[in-house]
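Visitor: Spelled out, the chains give:
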Amino acid sequence: MGSRVWRAFRRNRLALVGGGLVLVLGLSALLAPWIAPHDPLRGRLPDRLRGPSTTAVSGKLYLFGTDNLGRDILSRVLHGGRVSISLGLLVVGVSIVVGVVLGLVSAYAGGWVDTVVQRVVDVLLAFPYLVLAIALMGLFGPGFLNLVVALAFKEWVMACRIVRSEALALKTAAFVEASRAAGAGPARILVRHLLLNVIPGAIVVATLRVGWVVLMEASLSFLGLGIQPPQPSWGVIIADGRDYLFRAPWISTLPGIAILLFVLGVNLLGEGLRDALDPRLAGERVGE
Amino acid sequence: MVAYVARRFLQALPVLFGVTFVVFLLLYVTPGDPVELYMGQAGTVSPEEIARIRQEFGLDRPFLEQYGRFLWGVVRGDLGRSIIHRRPVAELIAERIPATMELSLFAALIALLVAIPVGVIAAVRRYSLLDSVGTLLSLVGVSMPGFWLGLILIILFSVTLRVLPVAGRMTYGTGLDPRTGFLLLDAVLQGNGRAALDVLRHLAMPALAMSAGMMAMTMRITRSSLLETIRQDYVRTARAKGVPEPRVILRHALRNALLPVVTAVALNLGALLGGNMVVETVFAWPGLGQRVVDAVKTRDFPLVQGCVLVYALTYVVLNLVADLSYAFLNPRISHGKEG
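Top to bottom, those sequences are chains A and B.
Positions in the first sequence are counted from 1; adding 436 to them yields our numbering.
Positions in the second sequence are counted from 1; adding 29 to them yields our numbering.
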């Protein structure tokens, strides 16, 4: 299976581009403490509001320019990527685990368990994503972990629905019936047949959703309800530059480009994975 | 058909209940005593006074009874009072709805006017330059934060070219009397051309920033849906009969291809409403989105609760409309018992 998937994936040039973008941005975020040219939190006031690729009074080079406190934008974007990407991965990771477990149990148990889980799913789907997250952040107050909870609160629903519908189809499949007839217990059927077969679908959903969560983090942090300054995240840096659009447009522009490239990369990668891993999912909407 | 509509409405009921319950919980679990929130500074009110107010607001009643009271209020349109504004929440929401609706509808209009023609051309001229450019732009459109696009538009049109205003809904002094709250409609009704142009200039950037996501999504759905329809037998039959190609596409194929587009647009309108609060903040647009963001920041929980409820109810209704419109438009959907 592995080599077939890899062959199908490799033929998809857009998916390779996406993978490349994710790899480059992910690595640069991961290695930020070692490759960032300056301290992302310490500014030099004489060097404030320097344009991109200018050498400042101090003789330092600022490739992406500086902000109103003289902080290096490149270093902040690199470190901000650490926060934004890790938050995206964490939210999606938690949500996928919850969504897969509830989706499988819901499909396998059926009856009132299924009804209860699906009604909860319906209700959460009725709330616009950002509205719910903003209200929850208002309740919890700012902070990284609160942000994870506020976003994962609805996020698991996406995986749950897709896993449930896949598991429902698998449940009545001939090979599962055969296994049951041969005396396999519920645990074996759940793990061996259902779980293992929904994993490819879950990987695709997870990949496509990371981009969405990164966009939501940016929105919340931009509004001042997510990551709190001075800690940089891509949304925080865009917000920092908002009051300087006239004098220093680069502050808000560059982190936005980083978001755009990362989310684009994740989407291309996810669609490539979907086509390679699970052609049945093609056309399935994984949006809000 | 009537049975189908009735059943779909009945299906929406438990969701509506669930939504009101979650929204009620939002205020119920709010840290701190709601009475103290209402009274402002704690410590200036005697315990007896607090007990009296608790009784008056029914806060000493059991959980379910409080929920029942809340639900009854919602049915009557009573969403409580704002702590900060000291006015009814329903009023504070109602006065912001026209601004948000005007912006959302305008954004949707821009999105459809661009997305459907481009989607059609991309499908008809598959693998052409326009198809590639359209596909690339739609990929970029869904990968970009709308509020950031708004900032880029400001840098481009307000800072560099100086042709569009940065914020607000209109310039003062155009002689416009905002009667309906839909300023463009007001300007047209009052025959005030100068005001209409001014309103349009204010609408342009926020609407464009909001429309990007919907435009991208609609373009992709139109393209893929039309590509699928073109392969159908009846389209081949029409071509074989000698129907001219533009007519085949527009009359035969597109009409059916637009079905999933209608559904997607109705669903997206809900997402548009939810996502527009950040764009409203960027452009200081006095809509519902800005109201809820301000309410969260000032910890005005009754107002937050009311706004969230209105957003969710709108969302449920739009979902219902999407389903029903699909059923109405698609003759292949059966409305019988199995439908």
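Simulated from the structure, these hints should not be mistaken for laboratory data.
Using N, Cα and C, we set each Cβ at its ideal position, and we do this for glycine too.
Worth double-checking, as some hints may not be accurate.
As the list claims (entries may be wrong) - Label pairs and their calculated CB-CB ranges:
#	chain 1	residue 1	chain 2	residue 2	range
1	A	Gly456	B	Leu159	24 to 34 Å
2	B	Thr189	A	Val627	57 to 67 Å
3	A	Pro665	B	Tyr57	24 to 34 Å
Visitor: Which hints, by number, does the structure contradict?
Guide: none
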